[in-house]
Amino acid sequence: SQQGEEDPQALSIQEGENATMNCSYKTSINNLQWYRQNSGRGLVHLILIRSNEREKHSGRLRVTLDTSKKSSSLLITASRAADTASYFCATAGSGNTGKLIFGQGTTLQVKP
Amino acid sequence: EAQVTQNPRYLITVTGKKLTVTCSQNMNHEYMSWYRQDPGLGLRQIYYSMNVEVTDKGDVPEGYKVSRKEKRNFPLILESPSPNQTSLYFCASSSPGTSGRSYEQYFGPGTRLTVT
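Protein sequences appear in the order of chains A and B. With my numbering applied, the first sequence corresponds to residues 37 to 148, in that order. With my numbering applied, the second sequence corresponds to residues -9 to 106, in that order.
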């Protein structure tokens, strides 16, 4: 079952602009993770935010989590052409199973 | 280098011909998982394993088998492949992390399977 719903499905911006992607989920979580996928390649972990955290930063990435609204956002600041990729949110449930449920992803195109 | 490897990377086969996609990780991770990725459907989990000899079904297990005889290996077996199993397959591994529940996943490079 797909828990994460991502919005928008596709995003096209100019280099230097900020990109914001949103993710909503349905059940309680232990943490929420964001992954990046370059075309046809394996996913790469970007950042993890725990259920008791509200905001986290890593370089040009900023992630927020609102557990009351069951939503998260990923902000990429000062985007570069190399940021062109698909971005997925994934939620880890409260049980200690290791299972992640992935959203369908946002495809980001950054034009030079 | 910490990594997850998959083989083969590309495979074209015919309906009904048994195949195995291998997956190996060198990070001593307890948890391993197989996903398939299809356009418009995102990543869907096929099977996962919490540790050696412990496996369980994910969301789309029909037509697939797995085994976990060693901690580092988690092969995916298609006993009788059908065209609807044409997809991009990913293996991933993770561990609970220092907090006990992180499970940040490391993905293999993917196997593109075509069943005709």
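Think of the hints as simulated: they come from the structure by calculation, not from any bench. Here the structure is a predicted model, which is why all the values come from computation and not from measurement. C-beta atoms are modelled at their ideal positions from N, C-alpha and C, and glycine is treated no differently. Just to be clear, a hint being listed does not mean it is correct.
Facing chain B, a subset of chain A residues (Cβ under 7 Å, in silico) [unchecked claim]:
| # | residue |
| --- | --- |
| 1 | A128 |
| 2 | G129 |
| 3 | F138 |
| 4 | Q140 |
| 5 | G141 |
Hints and how they fare:
1. A128: holds (6 Å)
2. G129: Since the shortest Cβ distance to chain B is 9 Å, the answer is violated.
3. F138: Because about 4 Å separates A:F138 from the closest Cβ in chain B, which is inside the 7 Å limit, the hint holds.
4. Q140: holds (4 Å)
5. G141: Holds - the Cβ of A:G141 comes within 7 Å of chain B, reaching about 6 Å at its closest.
The structure fails to meet hint 2 from the earlier list, while all remaining hints are met.
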